[in-house]
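Protein chains in written order, with the numbering used here: chain A, 2 to 447; chain B, 249 to 410.
Because the hints were derived from the structure by calculation, they are not lab data.
Among these hints, one or two may not hold up.
[What the hints assert, rightly or not] Computed cross-link-like contacts, SDA-like style, restricted to lysine to any residue with a CA-CA straight-line distance of at most 25 Å:
#1 A:Lys-345 to B:Lys-275
#2 B:Lys-396 to A:Asn-68
#3 B:Lys-302 to A:Leu-387
#4 B:Lys-328 to A:Arg-60
#5 A:Lys-205 to B:Asp-298
#6 B:Lys-297 to A:Asn-256
#7 B:Lys-297 to A:Arg-67
#8 A:Lys-345 to B:Ala-333
#9 B:Lys-328 to A:Arg-344
#10 B:Lys-328 to A:Lys-205
#11 B:Lys-302 to A:Gln-59
#12 B:Lys-302 to A:Asn-68
#13 B:Lys-396 to A:Lys-205
#14 B:Lys-302 to B:Ala-392
#15 B:Lys-396 to A:Asn-256
#16 B:Lys-302 to A:Ile-242
#17 A:Lys-345 to B:Ala-392
#18 A:Lys-345 to B:Glu-299
#19 A:Lys-255 to A:Leu-272
#20 A:Lys-232 to A:Asn-256
#21 B:Lys-312 to A:Ile-242
#22 A:Lys-62 to B:Asp-298
#23 B:Lys-396 to A:Gly-119
#24 B:Lys-302 to A:Asp-28
#25 B:Lys-396 to A:Ile-242
#26 B:Lys-297 to A:Gly-119
#27 B:Lys-312 to A:Gly-241
#28 A:Lys-345 to A:Gly-119
#29 B:Lys-275 to A:Arg-60
[Stated by the list, open to error] With the C-beta cut set under 8 Å, the calculated list includes, among others, these residues of chain B facing chain A:
#30 Ala-269
#31 Gly-293
#32 Thr-295
#33 Lys-328
#34 Gly-332
#35 Ala-333
#36 Tyr-374
#37 Gly-376
#38 Lys-386
#39 Leu-390
#40 Tyr-399
Source: prediction; values computed, not measured.
Just so you know, even glycine gets a beta-carbon here, dropped at the ideal spot from N, CA and C.
Chain residues, written in single-letter form:
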Amino acid sequence: MGYEEPVTDYDKIVENCTCAFCGSNCDDLDCLVKDNHVVAVRHACRLGASKIMEDEDQRLKVPMMRNENGELVEVEWETALDAAAELIANSVRPLFYGWSETSIEAMKPGLELTELVGAVIDNQATICHGPTVQAVQNVGYPLMTLGEVKNRADMVVYTGSNPMNAHPRHLSRYTTFPKGWFRKRGRYDRTLVTWDPKYSDTAKLSDIWIPFEENGDYEFVNAIRAVLKGKKLKKDVIAGIPTEDIYELTEKMKNTQFGALFFGLGLTHTLSKQRNIDIAIQLVQDLNKYTKWVLLPMRGHFNVNGFNIFMSYEMGFPYGVDFCRGYPRYMIGETTTIDLLNRKEADVFLVIAADPGAHFPSGANMHLVDIPVIQIDIHWGPTTELADIVLPGTFIGVETAGTSYRMDSVPLNMKKAIDPPETCREDEWIVTELLNRVKKIKEASK
Amino acid sequence: MTYIDKPSISNVIKFDELNVAKVDQLKVMLNTGTDIYQGACKKRGSTLKDEYRKVAGVAYMDPKDMAKLGVGNWDSVLVKSDWGAVVVYSAHSRDAPHEGMIFIPKGPWANVIVSNETYCCSDPTYKGIEATVEKSDKEVLLMADLMKEVYQKYTKKVKEVD
Ligand code: SF4
């Protein structure tokens with residue numbers, strides 16, 4: 002990595018833009034704009050910068066459909082929208098997946114469309130923090146905002162998550178490094194702890210690293226809970242950690258003033274799934290007998306939490322909501338995307354602002370080979386290789402304004418910095434168009 | 249642009265490391281997940297290019313494990329699990345030591361070998377999968393070629409036509 006000269010050639014600075022990448026939703030980015038292009042961005046991390054300084058070669062700019070040779074060719078907006086609406090209107094078990102990288106505004110017509118055709122609506126939580134949501138329904142949600150952590154926390158624990166890779170500014174902006182009201186010296190006033198089998202980039206920065214063994218998370222957290230309840234541990238080594246270390250860590254956790262536990266997909270993707278989170282939440286409850294502890298899931302996409310909040314507010318269920326009976330139903334393992342695909346149930350797949358091609362196991366994706374796939378996105382990605390109709394959207398937070406929810410459920414307005422390419426349309430517009438067209442088809446067939 | 253450079257990896261252990269026993273096939277635990285290079289490249293949108301293959305089509309391995317197999321950085325290895333097999337690059341892990349564990353960043357390559365079993369929890373099992381690694385002389389496929397080979401969504405139809 003070489004040194005790069007700062008960019009000085011720009012027309013204007015758009016200040017305080019919100020980053021549309023990870024769940025930290027940093028809202029202090031400055032975009033340097035020249036000729037309706039972002040030429041540089043200040044304050045963003047490597048991830049945020051890479052998304053804003055996008056690769057224009059692979060930008061989806063025009064609507065496309067497959068021709069008889071199976072190649073994607075450019076078509077008119079009218080043709081593509083009509084074809085998509087036709088597919089949706091005539092399907093029996095449509096599945097609308099994605100939504101985490103678009104604004105709340107686009108979800109509204111999406112939900113209306115879902116209700117109209119009796120579809121299933123689901124978002125990325127289904128493959129990331131779905132188990133977390135279940136655990137929260139099981140045992141509760143001792144939540145805080147990131148501002149509280151910044152001002153108060155003197156112990157920060159990350160487990161099953163590697164924020165230095167997935168949420169790079171999380172430590173520097175919210176939890177570990179910043180100076181806070183009660184933590185005047187910033188990093189020096191806090192203890193950073195990582196529980197992770199790997200010596201991850203976050204572990205390298207930490208004061209304490211607990212390398213429990215693979216799939217040992219459930220056992221390890223249970224051991225801490227036992228110690229907290231005054232029990233004696235009978236084994237010398239638990240989940241790869243010597244018992245003395247567990248006693249010592251528990252003592253430290255009891256003697257903090259304000260502790261914050263952040264957990265990621267390391268817990269939800271291993272075999273014990275939501276039970277891991279159950280136990281983590283219960284650990285925080287137990288710790289609260291001694292001192293103040295809170296926890297927060299490290300949400301991945303910038304609006305994955307937004308979808309869950311939006312759906313809970315509108316329909317009472319966070320994700321995987323099925324309208325096939327005319328009223329909302331939610332049953333994990335039944336109305337959730339991967340399960341629907343595994344069982345080969347869906348017959349039309351609409352994917353908006355998501356990339357199942359890159360993120361679903363191919364065992365689940367195999368079903369997408371047999372059914373029509375409609376994609377609304379901004380870049381040509383792995384899913385485009387499986388898509389039959391491609392509708393180019395716009396970039397929320399850079400080209401279109403919108404609302405998103407940060408991982409701690411704080412809603413933020415995302416600004417617009419430049420105009421979108423002329424041939425692209427906003428997600429909200431595309432979904433509304435689909436809705437209107439489907440309505441027309443349904444009415445005509447009555 | 250510097251933020252999407254392929255990961256810089258140092259050569260920690262040489263192939264001819266004296267005190268490791270060579271094996272043809274290594275039993276490992278496979279983990280997948282995000283890493284900063286994969287994230288940056290994916291969201292930037294450069295998925296059709298070589299850079300995506302370099303950041304997501306790669307298995308980060310413990311240098312000792314690599315010495316056992318006799319592979320170096322950016323050699324091809326075949327990773328097999330109960331769900332499939334895929335050829336990826338091998339590279340020294342930045343988080344080593346973690347003998348017996350490999351990490352493949354999430355992406356179309358990892359998808360081929362992870363489990364789609366959700367155990368009725370909506371969430372597939374992306375981590376902690378038993379797999380084997382062996383040396384391969386095949387080239388790692390670019391994203392589009394891989395998607396064509398694995399899913400054959402449109403190639404099948406073309407064949408039916410002629
Ligand atoms: S930490 Fe996340 S939200 Fe903040 S700049 Fe980086 S990618 Fe964007």
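Results for each hint:
1. A:Lys-345 to B:Lys-275: At roughly 32 Å apart (the allowed maximum being 25 Å), B:Lys-275 and A:Lys-345 break the hint.
2. B:Lys-396 to A:Asn-68: holds, 17 Å
3. B:Lys-302 to A:Leu-387: holds, 22 Å
4. B:Lys-328 to A:Arg-60: violated, 34 Å
5. A:Lys-205 to B:Asp-298: Distance of about 30 Å is beyond 25 Å: violated.
6. B:Lys-297 to A:Asn-256: violated, 51 Å
7. B:Lys-297 to A:Arg-67: holds, 22 Å
8. A:Lys-345 to B:Ala-333: holds, 22 Å
9. B:Lys-328 to A:Arg-344: holds, 24 Å
10. B:Lys-328 to A:Lys-205: violated, 31 Å
11. B:Lys-302 to A:Gln-59: holds, 17 Å
12. B:Lys-302 to A:Asn-68: The hint is violated at about 32 Å.
13. B:Lys-396 to A:Lys-205: violated, 39 Å
14. B:Lys-302 to B:Ala-392: Holds, at about 14 Å.
15. B:Lys-396 to A:Asn-256: violated, 56 Å
16. B:Lys-302 to A:Ile-242: The hint is violated at about 35 Å.
17. A:Lys-345 to B:Ala-392: Within the cut-off at roughly 24 Å; holds.
18. A:Lys-345 to B:Glu-299: violated, 33 Å
19. A:Lys-255 to A:Leu-272: At roughly 29 Å apart (the allowed maximum being 25 Å), A:Leu-272 and A:Lys-255 break the hint.
20. A:Lys-232 to A:Asn-256: This hinted pair holds, its Cα atoms lying about 18 Å apart.
21. B:Lys-312 to A:Ile-242: holds, 23 Å
22. A:Lys-62 to B:Asp-298: holds, 22 Å
23. B:Lys-396 to A:Gly-119: Violated. B:Lys-396 to A:Gly-119 sits at ~32 Å, over the 25 Å cutoff.
24. B:Lys-302 to A:Asp-28: With a Cα-Cα distance of about 31 Å, the restraint between B:Lys-302 and A:Asp-28 is violated, given a limit of 25 Å.
25. B:Lys-396 to A:Ile-242: Distance ~45 Å between B:Lys-396 and A:Ile-242 Cα, so the pair is violated.
26. B:Lys-297 to A:Gly-119: Violated - the C-alpha atoms of A:Gly-119 and B:Lys-297 are around 39 Å apart, more than 25 Å.
27. B:Lys-312 to A:Gly-241: This hinted pair holds, its Cα atoms lying about 21 Å apart.
28. A:Lys-345 to A:Gly-119: holds, 17 Å
29. B:Lys-275 to A:Arg-60: At roughly 40 Å apart (the allowed maximum being 25 Å), A:Arg-60 and B:Lys-275 break the hint.
30. Ala-269: violated, 23 Å
31. Gly-293: holds, 3 Å
32. Thr-295: For B:Thr-295, the interface hint holds, since the closest Cβ of chain A sits about 5 Å away, which is under 8 Å.
33. Lys-328: Not OK, violated: B:Lys-328 not within 8 Å of chain A, min 14 Å.
34. Gly-332: At about 6 Å, which falls below the 8 Å cut-off, the nearest Cβ of chain A leaves the hint on B:Gly-332 intact, so it holds.
35. Ala-333: Since chain A brings no Cβ nearer than about 11 Å to B:Ala-333, farther than 8 Å, the hint is violated.
36. Tyr-374: At about 4 Å, which falls below the 8 Å cut-off, the nearest Cβ of chain A leaves the hint on B:Tyr-374 intact, so it holds.
37. Gly-376: Constraint on B:Gly-376 satisfied, holds at 5 Å.
38. Lys-386: Violated. Min distance 18 Å.
39. Leu-390: violated, 11 Å
40. Tyr-399: holds, 5 Å
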